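Undergrad: Just need the whole structure built from these sequences, with the hints factored in.
4 protein chains.
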Amino acid sequence: MQNIDWEKFLIPYENAVEELKVKFKSIRNELIKMGEYSPIEFVTGRVKKISSILEKSKRLEVDMENIDKEIEDIAGIRIMCQFVEDIYTVVDYISERDGKDLKVVGVKDYITNYKDSGYRSYHVIIEYPIQTAFGNKNILAEIQIRTLAMNFWATIEHSLKYKYKRQIPDPIQLRLKNAADAAFQLDQEMSQIRHEIRQAQKMFEIRSST
Amino acid sequence: MQNIDWEKFLIPYENAVEELKVKFKSIRNELIKMGEYSPIEFVTGRVKKISSILEKSKRLEVDMENIDKEIEDIAGIRIMCQFVEDIYTVVDYISERDGKDLKVVGVKDYITNYKDSGYRSYHVIIEYPIQTAFGNKNILAEIQIRTLAMNFWATIEHSLKYKYKRQIPDPIQLRLKNAADAAFQLDQEMSQIRHEIRQAQKMFEIRSST
Amino acid sequence: MQNIDWEKFLIPYENAVEELKVKFKSIRNELIKMGEYSPIEFVTGRVKKISSILEKSKRLEVDMENIDKEIEDIAGIRIMCQFVEDIYTVVDYISERDGKDLKVVGVKDYITNYKDSGYRSYHVIIEYPIQTAFGNKNILAEIQIRTLAMNFWATIEHSLKYKYKRQIPDPIQLRLKNAADAAFQLDQEMSQIRHEIRQAQKMFEIRSST
Amino acid sequence: MQNIDWEKFLIPYENAVEELKVKFKSIRNELIKMGEYSPIEFVTGRVKKISSILEKSKRLEVDMENIDKEIEDIAGIRIMCQFVEDIYTVVDYISERDGKDLKVVGVKDYITNYKDSGYRSYHVIIEYPIQTAFGNKNILAEIQIRTLAMNFWATIEHSLKYKYKRQIPDPIQLRLKNAADAAFQLDQEMSQIRHEIRQAQKMFEIRSST
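So the sequences go chain by chain: A, B, C and D. When you number the first sequence by our numbering, it's gap-free, plus one each residue, and the end is 213. When you number the second sequence by our numbering, it's gap-free, plus one each residue, and the end is 213. When you number the third sequence by our numbering, it's gap-free, plus one each residue, and the end is 213. When you number the fourth sequence by our numbering, it's gap-free, plus one each residue, and the end is 213.
Keep in mind that the hints are not guaranteed to be accurate.
When chains are identical, the list treats them as one kind, so a pair holds in a single copy or across two.
Here are the simulated EDC-like pairs of lysine to aspartate or glutamate, each with C-alpha atoms no more than 16 Å apart in a straight line [claimed, not checked]: (1) Lys36 - Glu10; (2) Lys180 - Glu199; (3) Lys11 - Glu39; (4) Lys103 - Glu130; (5) Lys140 - Asp104; (6) Lys166 - Glu199; (7) Lys106 - Asp95; (8) Lys52 - Glu145; (9) Lys140 - Glu33; (10) Lys166 - Glu39; (11) Lys11 - Glu33; (12) Lys52 - Asp8; (13) Lys36 - Glu17.
Read the hints as simulated data drawn from the structure, not as lab findings. Note that the structure is a prediction, hence the values are computed from the model and not measured.
TA: Dropping the structure here:
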């Protein structure tokens with residue numbers, strides 16, 4: 004794998020992203036069609052750029068011949084939720100599929116344990132079987148599950164990291180931390196609204212049944 | 004127009020939404036292709052549901068025969084931005100097209116003057132010419148321009164309004180106001196980051212040129 | 004299953020159609036990306052309309068509780084090819100996946116044995132596992148593989164059958180048969196072109212190597 | 004225009020293709036929604052590859068600074084019809100829009116006057132106004148209107164022309180002519196079916212009304 008044929012190497016990852024996007028979008032469509040609440044607001048996906056794969060393998064000291072085993076986010080799926088609570092519902096959906104169309108190989112809960120930078124998200128690493136015109140392959144994929152506020156913040160942080168080559172200057176780092184706090188605050192207020200709505204519904208049910 | 008053939012009535016609005024979505028998405032694609040910053044993050048569109056048109060025309064006491072002239076948001080386009088400042092860049096893009104492929108007939112700046120509920124957004128009302136298989140028509144459309152945080156908040160408010168038939172209970176109304184404050188706070192922190200980045204760039208340019 | 008909840012019943016079929024479309028389109032994209040010839044020209048899919056499922060179950064005397072086992076084309080995928088020879092390449096692709104992401108349960112070769120009406124196509128019936136938000140299910144799906152000319156003819160025949168409630172008048176039936184012959188002729192001429200091209204290429208290779 | 008910035012040059016053409024695809028697809032959707040027959044079966048579009056623009060400008064001896072005025076098919080839209088008669092209905096739709104959202108600057112009827120090679124299609128050259136983030140521009144676009152059989156044949160001829168660098172060997176040229184005849188035959192049989200159906204409908208209407 005010294006000289007990687009990138010076009011060919013990335014094909015199963017591209018297929019996996021397309022298939023997984025369809026699968027998670029289907030969950031949303033099903034629930035809405037059945038008149039039920041969907042914990043999934045929208046789904047995006049991407050294959051990591053070659054330059055980013057090379058940069059990451061260098062940073063993590065991964066040999067070229069092991070990148071498919073050690074770089075877990077070459078295929079990436081992102082699932083956006085309205086409420087923090089929804090994230091765990093989505094994680095449950097994925098767990099139920101473990102051993103069926105996908106295999107869960109690891110999770111990282113950066114919501115309970117958020118990063119110093121302020122980054123919050125729930126990551127599930129899966130193994131996914133792909134059939135291509137050139138044969139079959141099990142690939143790794145990373146599913147990131149976040150609220151819209153977490154996603155908003157992470158998008159900005161990502162472009163700043165890229166801009167400053169991972170060396171974000173201190174004053175900007177500080178501002179970014181403040182923004183993370185504001186995003187966290189927003190998520191908490193939203194959870195409170197969700198809680199109030201449930202309370203209001205329960206009170207209504209109690210009154211109705213007496 | 005006593006008995007409206009809704010299928011037929013809504014066709015030019017559906018076409019307008021499709022065409023306008025393509026046009027605003029193209030601006031984003033162009034800028035990214037040219038390696039420039041896009042003030043447009045993503046674009047969505049929808050035609051108002053018949054039940055919502057009827058409810059609004061009743062609430063605003065609009066005669067059925069005038070709904071195409073007096074209900075301005077039957078065709079709706081929503082443009083999401085990362086930073087508050089980007090909203091005004093998008094408004095400028097629309098103004099430059101005034102008299103070309105669209106005509107601006109009104110603006111509502113709910114960002115400088117946000118609603119009591121906490122609602123913030125910039126609305127541009129346009130007139131847009133549509134050619135259908137059944138003839139031509141100038142229709143009205145509403146373009147809403149918002150940050151992601153504004154959009155997030157407005158989506159929640161909209162579903163609560165719908166749930167409580169526009170009578171949101173006071174405790175939930177209060178929570179919603181707190182969430183609006185958190186969303187506003189988030190936008191301000193983001194603008195600050197944007198400002199810091201510019202400062203950092205200017206400092207860099209000054210140093211480089213000396 | 005006396006009173007079928009159709010919305011819910013059809014959800015796994017809709018998911019299957021979406022997933023299978025993505026999977027077969029990926030084969031085309033892969034091959035083109037690798038600079039190789041794609042036997043797949045384009046892919047479409049659809050879930051059978053409820054009225055058509057009812058009509059077919061009545062015609063074939065299938066009990067409502069057995070429609071998921073006995074009606075094989077509720078989920079339908081159609082793969083279009085340029086040349087008749089390509090059809091068999093696509094069939095090989097499907098066979099190679101047998102026991103992996105799908106299971107082949109039957110084939111019908113209406114190309115070697117075309118129907119009296121003039122209908123030609125290759126059908127593969129598969130079993131496909133689907134994970135929904137409401138649980139898992141193995142469903143049946145029919146993959147139709149055809150040339151563009153076969154598809155063109157079949158589309159017309161389908162709309163005539165529908166129009167005349169399966170009783171196409173004799174003079175139109177005759178015209179349809181003539182059109183089937185013309186479509187067959189077109190496919191044969193195309194295969195000849197394909198053959199000539201290969202001959203030309205071989206002659207060129209022989210000349211080049213001497 | 005000695006050194007063309009191709010990325011920038013092609014942007015308005017890409018926008019035009021996207022907008023025109025949406026507009027013609029809308030006609031189909033409208034008619035189907037209204038329960039009427041659509042003469043449009045499907046619509047595709049593409050921007051000419053840079054290498055093909057260069058090859059064509061060289062072959063036609065067009066100066067680089069005039070390619071936007073003299074090469075008419077940099078933006079190309081293709082509309083596919085079931086019956087030859089439908090082509091003229093689509094041409095009428097385009098003529099009705101002349102002076103509204105587009106301007107017709109020329110037509111080429113290769114159906115009445117087919118090319119020696121066997122090529123048949125109806126071409127309409129239009130001028131179309133585009134608003135980009137970098138300003139406005141009137142561009143030329145070519146709309147090709149064809150039956151499915153014409154399109155099928157033309158696709159093959161195009162790939163052979165490309166393969167043999169416009170020098171298709173005689174035996175293949177002959178086969179191609181035979182295929183064109185078969186495609187023409189197929190279209191004629193289809194038109195006959197269309198005629199028979201109309202006759203059958205008229206007879207039915209006469210019987211019903213007596």
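Undergrad: Does each hint fit the structure? Answer for all of them.
TA: Hint-by-hint comparison with the structure:
Proximity of Lys36 to Glu10 under the C-alpha cut-off of 16 Å is restricted to the inter-copy arrangement: shortest distance 7 Å between copies versus 38 Å within a copy. In this assembly of identical chains, the alpha carbons of Lys180 and Glu199 lie at most 16 Å apart only when taken from different copies (13 Å versus 29 Å within one copy). Taking the shortest Cα distances, Lys11 and Glu39 sit within 16 Å of each other only across copies (12 Å), while inside one copy they are farther apart (41 Å). In the homo-oligomer, the alpha carbons of Lys103 and Glu130 lie at most 16 Å apart both inside one protomer (11 Å) and across protomers (15 Å), since each shortest distance falls under that limit.
For the identical chains of this complex, Lys140 and Asp104 are neighbours both inside a copy (14 Å) and across copies (12 Å), given an alpha-carbon limit of 16 Å. Taking the shortest alpha-carbon separations for Lys166 and Glu199, only the inter-copy value of 13 Å comes in at or below 16 Å, while the best intra-copy value is 41 Å. For the homomeric pair Lys106 and Asp95, the shortest alpha-carbon distance inside one copy (13 Å) is at most 16 Å, but the shortest distance between copies (28 Å) is not. In this homomeric assembly, Lys52 and Glu145 come within 16 Å of each other (Cα to Cα) only inside a single copy, at 15 Å, whereas the closest approach across copies is 36 Å.
Taking the closest pair of Cα atoms, Lys140 and Glu33 come within 16 Å of each other only across two copies (14 Å); inside a single copy the shortest separation is 29 Å, beyond that limit. For a Cα distance limit of 16 Å, the shortest separation of Lys166 from Glu39 across copies, 14 Å, qualifies, whereas the shortest one inside one copy, 42 Å, does not. Taking the shortest alpha-carbon separations for Lys11 and Glu33, only the inter-copy value of 8 Å comes in at or below 16 Å, while the best intra-copy value is 34 Å. Proximity of Lys52 and Asp8 under a CA criterion of 16 Å is satisfied intra-copy only: 14 Å inside one chain copy versus 25 Å between copies.
Proximity of Lys36 to Glu17 under the C-alpha cut-off of 16 Å is restricted to the inter-copy arrangement: shortest distance 12 Å between copies versus 28 Å within a copy.
The structure meets every hint from the earlier list without exception.
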